[in-house]
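Fit chains L and Z to the known structure of chain H by using the hints.
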Amino acid sequence: MDVELRDIHKTFGKVRANVGIRLHVPAGTIQGILGENGAGKSTLMKVLSGFIHADQGAILLDGRPVVIHSPADAIRAGIGMLHQDPLDFPPMRVIDNFVMARGGSLFPGRAAARRDLKKLAAQFGFALDPDAYVDSLTVGERQQLEIVRLLWLGARVLIFDEPTTGISAAQKERLFAALRLLADQDKTVLFVSHKLEDVEGLCDRVVVLRQGYLVGEARPPYTTRQLVEMMFGKAISIGKRVPCAVGETSLRLRNLSVEDYRLKVRGVNLAVRAGEVIGLAGMEGSGQGLFMRAVAGLLRTTGGRISLDGRNLTGRSHLVSKRHGVAFLPASRLEEGLVPGLDLTEHFVLAEKKGGFFIDWEGGRALAEERIAEFNIRGTPASHVEALSGGNQQRALLALLRVSLRLLLLEHPTRGLDIESTIYIWSKLKERCGQGTSILFVSSDLEEILQYSDRVLVFFNGRVSPPLEAAEMNTDRLGELIGGKGWPEEEWVEEMTADG
Amino acid sequence: MAKNTAASRRRKTIWINVSFQSAAFVLALLLTTVMLLAVGAPPFQAYRSILVGAFGSVGDIFDTLIAWAPLLLTTMGVLITFSAGLWNIGIEGQVTLGAIFTTWILRLLQESGLPPWLIIVLGILAGIVGGALWASLAGVLKTFGGVNEIFGGLGLNFVATALTLWLIFGPWKRPGTGSMSGTLPFPEELWLPAIPGFRLSPWALVLSFIAVVVVYFLLRGTHFGLRLKAVGKNMRAAYLLGVPTWQHMLASFLLCGVFAGLAGALQVTAVYHRLIPSISSNYGFTGLLVAMLVNFHALWAVPVALFFAALNIGSVHLPIVLKLDSSLSGVLQGLLVLLVLMVEGARQRLMSRKIIPAEPASGEEVQS
Amino acid sequence: MRNTLFRFALLALVSVMLLTACGQATAVPTEAVVEPETTEPEVVEPEATEPPEAEEFVFGMLMVGPYNDHGWSQAHYDAGLYVEENLPGARMIYVDKVNPADRPGTTPAQLAEDLVAQGAQLVIFNSDDMKDSATEFAQANPDVYVIMASGDQVWADGNAYIPMDNMVNIMGRMEYGKMIAGCAAALTTQTGQIGYLGPLINDETRRLAASAYLGAEYCWTEYLGNDPADLVFKVTWIGFWFNIPGVTADPTQVADDFFNTGFDVVISGIDTTEALTEAVRLRDAGQEVWAIPYDYEGACEGADSVCLGVPYFNWGPAYLETIMAARDGTYASNFQWNAPDWADINNPDTSAVGFLSGPALGGEAAGLLDQFIAELAGGLNLWTGPINLQDGAPYLADGEVATDLQVWYLPQLLEGMEGQSVSE
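Protein chains in written order, with numbering that gives the first Met the number 0: chain H, 0 to 499; chain L, 0 to 367; chain Z, 0 to 423.
Source of the hints: derived by calculation from the structure; they are not laboratory data. We treat Cβ as the ideally placed atom computed from N, Cα and C, and that holds for glycine. Do not rely on the hints blindly, as some may be mistaken.
Stated by the list, open to error - Okay, derived cross-link-like pairs now, EDC-like style, lysine to aspartate or glutamate, Cα gap no bigger than 20 Å in a straight line:
id	chain 1	residue 1	chain 2	residue 2
1	L	Lys322	Z	Glu84
2	L	Lys232	H	Asp134
3	L	Lys232	H	Glu335
Stated by the list, open to error - A few chain L residues that don't get close to chain Z, going by computed Cβ distances all over 10 Å:
id	residue
4	Trp14
5	Phe24
6	Leu30
7	Gln109
8	Ser111
9	Leu140
10	Trp245
11	Ile275
Looking at chain H on its own, in the form it has when it is part of the complex (with noise of 0.2 Å):
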């Protein structure tokens, strides 16, 4: 279907997230749209798909002006988007979800709903079981189910906002090629990302949005420099890998072994040094969330020995591992890092820890105020964390942290942030190397790995490869170990106990 939007006007407050924008995407197109966080994506993204309603402005649907004041006038009128989080129930199964969005009937014709199901599936490639409960899917997974969920509702034209945010290497060329189906099949595909790599190994076209305008177009073969120009208003580089100096052995882990219902980690063993930067690589699911839980304090261990400084912190809460330098920055910020309903200045005062009964909100206030300015925070004293947006809710999570660590703990700390954001988190982190703290970040960026990490460890399926120098490895080797290619028949135990 071929969609035009004419003059989409829209402002939040002062804020102008859409202004004045034109675009056309003839059907059987994949339309790249370009832009850093903020720069109004999603903004227009929902306008099309109804969750926003514009101030000003047309849809034209091959042609046609249509009137689309919510998400199902949308689907209706052969419109469905795919949101960043799954829109999806999680504790139903599969084929559950799949039928609930289709009205009319009282009594949804499951077969016939499962039959389609599953021709749909097959026709992309997807492995979808009907009957598995949606929990118990891949971020990857429930992409799929959306996508042949809003076909089976009869979409025509399709939205991604970030689609490869949160999924698997393997996972990505499965949408890819998806995508790429959906094209042949005169669908047009509208694919919403910051991301170069991915618009440049996909879209047909690309347009970029910045601070509301839409500020550019490109055809292939794109130029990175030229995109990055038009997303940034300027150039701007990653720069070069900086190894930080590194100290004594920090963090030791001897045979450590931690597991949950699905998955076992065993034996593994580690010594960090103090200042030292330690990737951890895998499909998300592999264990590295698990082993990361178990270094903080969060999860019991099931044996083996965590030691940070010579001090024994087996078995220990988080909250006495905190106590002796360890923190732990959740990749889910707002579940599980910061207090939605808290303002900065509170959340500086919670962690700071202060002795006392009363707080001094004056005090709190200066520190929230000195934090923000010193990491760049966008907002103010009191500001609402869920009023901050993604980069900044990072920053606030970083400036949160106490002064001194000695071991830091992350997951995913650059995830759907822009460029800009990342290296400047980065800064930040490595800042802490040069005073000592040891880092280990778990990623699913194997250039953010390949770039920050002093060592990596690679996890498959609970399997944990030895510490890998980062600067003997690339890309391409990275990603076959995440896939499970190239592992040692026998355990792996080339300098297991590097330097103790």
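For chains L and Z alone, coordinates are given in the frame of chain H:
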């Protein structure tokens, strides 16, 4: 400058809130009026007789205040657990246990020859302990047993009521026939002193006001209160920020139990002067309603609880004067809470459309 | 938003609990409001248009439950209407739902004062709940007449005698009603197992359960010629006068358990009609079961297939007499424990206690029941020894007749009855 605009924005939000809540109040009144008209009753007279019943004479005003004091206490207790994200439905039982403990100590000491004021003080302290114990039971069930505090609380309420009935008809049975009227009333010197000629004990009021002040500062200005809030809003994040979560949850139960137990103690020493079967007078549940209405603001509880108490007392006149069913006051209270919550939901919707952009903070994160 | 939703759900839960805690208060919510004439309260009542010498006499009534509860409180309310009808100039004002759960912060004494402020010259306290308040009020207001129903404060022989010139205690001898109910149950049961759905345990409820047993045992052996050892009579206490979810045992459940374990007749000692309702349900499912409700004359309505009859109170005549005495200045403190009018136990003008036979009572059984009533009228006293208490201790020696005191303060259930004797 930034601070000023923030403050003025906050003030503006408060006024928006207040106007929404007043709208809810007017709406509740309107609906009740419609209901009255539908059954052919004169609404104006009904409201007037409630007002007269609650404030018509000094005695009436004092009666309203008698109901106000324990209601304030339970509301304060519930606010603490609310802050920690807990629904302490078990507060009824905690009030009851407070009353039982107080009765127990008074019975134990009434022959002891100790000065009566000391017995009363000990009795009230015992009530506080009783309420706190019962609450910590619900807390332990929640934190260690994994029992949702709503179900645990319901169960404990049940046990508390059964215990009261058993005591009244069993071990603490009055001479002659064990009676629904309760245990034998205590001698007058063991009553919390009342204003001469009236039933109102100023001590009960004083204790309730102290409770309001304490809770106000606790929730507003202390580390403990802030941590409770953090635990209530996001337990996992609070833990990662270094708050020992279960300890705080347990502490909030305990504190709530202190206020509930105090309410129970006052029911015995200031109002009924004995243990009766429904000694808690539903103040726990009503306190929950008040707390829901005031949404964490301890000071707002003062007028709202007064309003609820006035409705309860004033509605007595409905059957006498108008032969109207007095459940009208209950209807009004229920409607009020419902509508305030509904209006609150509507407000959140409207405001979120205006303030929180669909793409979080679009444009705020321009290059930096 | 989610939070609001959650609050909503909680609110619903709390409201349900508030309402159920009010128990009967909400049993008939649809009728909760007013009689037609009440819209113009200032208008003078029709009685006042009668001959001018009919001077107005206002009496107040405090009822523990709703005035229209089809049970204990309504029996009192109806008696008040009876007085208004039969005593020119009499006018009733009332407060219902007088209990701490429904009216937090109030005491019956305080409400009685409200009634006096509205002109009441006599106040009726209708429940044992209000015993202390009635005493307190009567002592504080010596010039106001007080009727304390079901109490024993001014019984000179009683265990808790407090002399008060302005108080009268009134109670009906429901023991007879319960004996008749027990007899009807024994005459009907096919399995020889009778269940008694008891409220909470106190002297009154104990003696009523025991009376039902005495009636059942008598008819079982004397009329049917059965071995007393073959009669099972079991009392299950739910813990209160009506169902409070989560607090009392669920009477529906208890009745169901009775019916499903071989008990085919259940006598209700509680104020609500779960036993009857449950019997109807099982009967509709084909089970041969019966039930006997309590308190209120009209309780059998709608349960024709299972209702064997209902023992009920008729407070009207006693109230009329006492209020007349108060008006005429002949009032004297006394303790009344009023027997049925044996000439016609269902005479609304004379009998304090009645038994209205139900449609489910078989023809033969009905004949025998009439015979039993006639025997009682003729002087049969089932409270005659030898009777042992439940634990085997002698209660009445052979031929010994229980005194009123012995009956009123019965310490245990009787030998031959199953169930708890004292609360523990």
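Hint by hint, here is what the structure shows:
Restraint check for L:Lys322 and Z:Glu84: the C-alpha separation of about 18 Å stays at or below 20 Å, so the hint holds. At roughly 23 Å between alpha-carbon atoms, L:Lys232 and H:Asp134 are farther apart than 20 Å, so this suggested pair is violated. Note on L:Lys232 and H:Glu335: the hinted pairing holds, with a Cα-Cα distance of about 11 Å set against a maximum of 20 Å. With a cut of 10 Å on Cβ distances, L:Trp14 stays outside the contact zone with chain Z, its closest approach being about 20 Å.
Listed as a non-interface residue, L:Phe24 keeps its Cβ farther than 10 Å from every Cβ of chain Z; the least gap is roughly 16 Å. Every C-beta of chain Z lies more than 10 Å from that of L:Leu30, the closest at about 15 Å, which supports listing it as non-interface. For L:Gln109, the non-interface assignment is confirmed: its Cβ lies about 16 Å from the closest Cβ of chain Z, beyond the 10 Å cut-off. A cut-off of 10 Å between C-beta atoms confirms that L:Ser111 is not in contact with chain Z; the least separation is 24 Å.
At the 10 Å boundary, the C-beta of L:Leu140 stays outside the reach of chain Z, the nearest C-beta of that chain being 16 Å off. The Cβ of L:Trp245 lies farther than 10 Å from every Cβ of chain Z, with a closest approach of about 21 Å, so its non-interface assignment holds. Here L:Ile275 does not stay apart from chain Z, with its beta-carbon only about 6 Å from theirs, under the 10 Å limit.
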